[in-house]
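So you can see what is in the structure, the chains are spelled out below.
There are 2 protein chains.
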Amino acid sequence: MVHNFNAGPSILPKEVFEQASQAILNYNNTGLSILEIGHRTPLFQEVMNEAIALIRELMQLDADHEVLFLHGGASTQFFQVPMNLLDEGESAAYLDCGVWGTKAIKEARLFGNVITVASSKDRNYTYIPRGYAIPSDSKYFHFTTNNTIEGTQMHALPDTRVPLIADMSSDILSRTMDFNRFSLIYAGAQKNIGAAGVNLVIVNKNMLGHVKRKLPSMMDYQLHIANGSMLNTPPVFAVYVCMLTLRWLKQQGGVVAIEKVNNKKAALLYDTLDSLPVFKPTVNKEDRSKMNVVFVMDNPDLEKDFLERSKKEGMVGIRGHRSVGGFRVSLYNALPLRSVEALTEMMKDFALQHA
Amino acid sequence: MVHNFNAGPSILPKEVFEQASQAILNYNNTGLSILEIGHRTPLFQEVMNEAIALIRELMQLDADHEVLFLHGGASTQFFQVPMNLLDEGESAAYLDCGVWGTKAIKEARLFGNVITVASSKDRNYTYIPRGYAIPSDSKYFHFTTNNTIEGTQMHALPDTRVPLIADMSSDILSRTMDFNRFSLIYAGAQKNIGAAGVNLVIVNKNMLGHVKRKLPSMMDYQLHIANGSMLNTPPVFAVYVCMLTLRWLKQQGGVVAIEKVNNKKAALLYDTLDSLPVFKPTVNKEDRSKMNVVFVMDNPDLEKDFLERSKKEGMVGIRGHRSVGGFRVSLYNALPLRSVEALTEMMKDFALQHA
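Chains Z and R are the protein sequences, given in the same order. The first sequence begins at 1 in my numbering and counts up one residue at a time. The second sequence begins at 1 in my numbering and counts up one residue at a time.
Certain hints may be false.
As the list claims (entries may be wrong) - Dumping the calculated PhoX-like pairs for lysine-lysine here, alpha-carbon to alpha-carbon at most 20 Å:
hint, chain 1, residue 1, chain 2, residue 2
1, R, K106, Z, K212
2, Z, K212, R, K250
3, R, K250, R, K260
4, Z, K214, R, K106
5, R, K260, Z, K214
6, Z, K103, R, K214
7, Z, K311, Z, K250
8, Z, K312, Z, K348
9, R, K214, Z, K106
10, R, K212, Z, K214
11, R, K250, Z, K106
12, Z, K214, R, K250
As the list claims (entries may be wrong) - To be clear about the criterion: a stretch of chain R counts as covered by chain Z if any three or more of its residues have a C-beta under 8 Å from a C-beta of chain Z, and this derived list gives those stretches:
hint, region
13, 184-195
14, 291-303
Please keep in mind that the hints were generated in silico from the structure rather than gathered at the bench. Keep in mind the model is a prediction, meaning the values are calculated, not measured. We put the CB at the ideal spot given by N, CA and C, even for glycine.
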């Protein structure tokens with residue numbers, strides 16, 4: 001058995017793999033592959049409609065919020081957000097909590113004034129800053145809810161009247177939240193939504209249409225809304241995999257139910273790490289991510305042994321990001337509890353051997 | 001048996017469907033789905049490397065030409081091309097030969113001066129203009145090699161020293177051509193390259209780095225080149241399907257061999273249309289596309305009957321684009337000759353019944 005702890009692209013439900021595999025051979029008994037159907041046919045329009053409806057339902061979105069499936073990944077949103085929302089001379093507030101937030105700041109600077117309200121760079125992004133002030137005239141406040149690389153997560157929303165914009169790539173749909181409080185949410189699909197190759201954008205339509213610059217059509221949220229995410233040929237298969245994954249999430253009981261499982265998985269892993277002195281979690285305790293658990297070994301010489309051992313036991317994707325080192329274990333929605341149990345059992349045994 | 005004449009997304013080889021379906025369950029006996037492997041693993045790096053190498057080989061590209069697999073579809077290239085290549089105050093020449101060329105012109109106007117050197121709009125884009133002049137100080141000359149919607153195709157390259165840029169979305173890899181003569185080629189994958197969700201860009205690197213404007217990272221060809229098409233998470237599965245389709249094309253004997261089959265398919269269909277007065281091809285004879293064959297019925301009242309009949313015989317995707325009406329039959333690389341034979345037999349029978 002393989003235990004897939006990849007940070008993304010990452011594990012998806014087994015049912016999704018089975019259904020997607022079948023749809024490539026014969027989609028819904030049409031005799032056609034899902035890869036060869038036209039995107040303007042009812043066959044695909046139904047897929048897009050259901051994917052959008054499931055997002056609306058699972059996140060309990062109100063009528064002001066539009067759901068888009070776009071090309072380009074979250075990295076495209078780093079510039080598409082300010083291009084659509086921030087005029088030259090206007091200011092936007094950004095929180096600098098890790099590699100992705102830093103990139104978002106860099107891209108936003110091409111379009112307006114960027115005020116970095118706080119940064120945790122001083123301690124290698126191992127905590128979420130607190131007590132910062134957000135200028136009330138900021139066009140919006142941008143932050144990353146979960147830092148995939150560094151393993152931190154914001155557990156409380158900022159208390160401000162400035163419109164909130166969040167990159168939720170690595171923890172969307174993993175926990176309950178008042179998503180209607182956000183003016184814009186974006187997330188690459190390849191963690192909790194589906195497979196790589198499509199990007200979810202949720203936007204409060206009242207935010208749009210206010211900048212003076214002319215937008216390239218493919219960058220214009222309003223055009224994508226007017227065209228139901230089909231301004232051009234959408235990434236058909238990637239949207240289909242999203243729909244299957246969202247169906248699965250609904251069957252599990254939705255975000256409320258999966259949050260309980262996610263809490264259990266994270267508690268089991270962090271409790272194990274805290275109980276074994278051989279391991280050292282790197283992140284401030286109250287800012288620990290429930291999606292990406294980052295740790296090193298107390299004795300770095302043991303890291304190679306631990307990696308070898310984990311490989312032998314079918315554990316995949318636990319090597320830390322090259323910028324952090326050590327280990328990173330990702331606990332996305334589709335990862336079963338039994339994979340965390342297998343890992344923690346192995347950790348205990350490893351600790352015993354190296355006590 | 002289903003005959004898939006879809007204009008895109010469109011038919012791919014049966015072997016590709018089978019291999020892709022299997023890879024979703026268990027990729028290369030890793031016990032992992034192709035959808036859950038990290039893009040920075042050797043497992044996927046090999047896929048990207050092979051896809052790029054196959055493009056280089058099949059198109060016989062020289063060392064100046066870089067191959068990129070990017071997000072966003074050809075529609076993103078409509079603005080990404082001028083954003084990277086055309087400074088404010090500079091001019092670029094465009095040929096207006098159909099819906100897609102018109103869109104490319106609209107987007108380019110956001111970045112510099114656009115000179116439309118010729119247009120076939122006067123006759124509903126049913127021909128390719130000739131005898132136009134391209135100003136020698138144009139930064140580049142942009143054209144669409146094949147007009148998917150209108151069914152025209154450029155059968156000779158323009159004779160000019162101005163750098164050539166082509167949207168080859170619907171006829172790339174279908175015919176031999178000196179691809180090194182182009183400064184930039186782009187094509188959505190969903191016709192002859194693979195499945196929807198990825199975009200091929202081939203660029204002569206000497207064209208890059210000359211504009212003054214600052215580019216968003218995800219729009220910067222030079223950054224994508226430096227990062228081997230992995231500046232961010234690539235559309236993993238879509239690239240994989242490209243690699244499989246390119247492998248298949250190589251096995252068929254490459255572009256030289258497929259061109260012969262494509263010529264045969266197109267000749268059979270056009271000869272049949274020309275021999276049956278009930279059908280009326282809409283396009284100027286010498287500009288007929290070998291990829292998308294557009295025709296109407298001499299008696300429009302018969303169109304419904306013909307569509308019904310074709311449906312009954314398992315023909316899919318022959319209804320014309322809403323802007324043109326009538327019928328459109330797409331003959332992409334993966335469409336077998338026997339599908340064209342089935343269609344032309346049916347046409348003859350239909351013509352006999354309605355003589």
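Structure-based check of each hint:
{"no.": "1", "hint": "K106(R) to K212(Z)", "result": "18 Å, holds"}
{"no.": "2", "hint": "K212(Z) to K250(R)", "result": "49 Å, violated"}
{"no.": "3", "hint": "K250(R) to K260(R)", "result": "14 Å, holds"}
{"no.": "4", "hint": "K214(Z) to K106(R)", "result": "12 Å, holds"}
{"no.": "5", "hint": "K260(R) to K214(Z)", "result": "45 Å, violated"}
{"no.": "6", "hint": "K103(Z) to K214(R)", "result": "15 Å, holds"}
{"no.": "7", "hint": "K311(Z) to K250(Z)", "result": "33 Å, violated"}
{"no.": "8", "hint": "K312(Z) to K348(Z)", "result": "16 Å, holds"}
{"no.": "9", "hint": "K214(R) to K106(Z)", "result": "12 Å, holds"}
{"no.": "10", "hint": "K212(R) to K214(Z)", "result": "19 Å, holds"}
{"no.": "11", "hint": "K250(R) to K106(Z)", "result": "42 Å, violated"}
{"no.": "12", "hint": "K214(Z) to K250(R)", "result": "43 Å, violated"}
{"no.": "13", "hint": "184-195", "result": "holds (count 3)"}
{"no.": "14", "hint": "291-303", "result": "violated (count 0)"}
Hint compliance for this structure: hints 2, 5, 7, 11, 12 and 14 are broken, all remaining hints hold.
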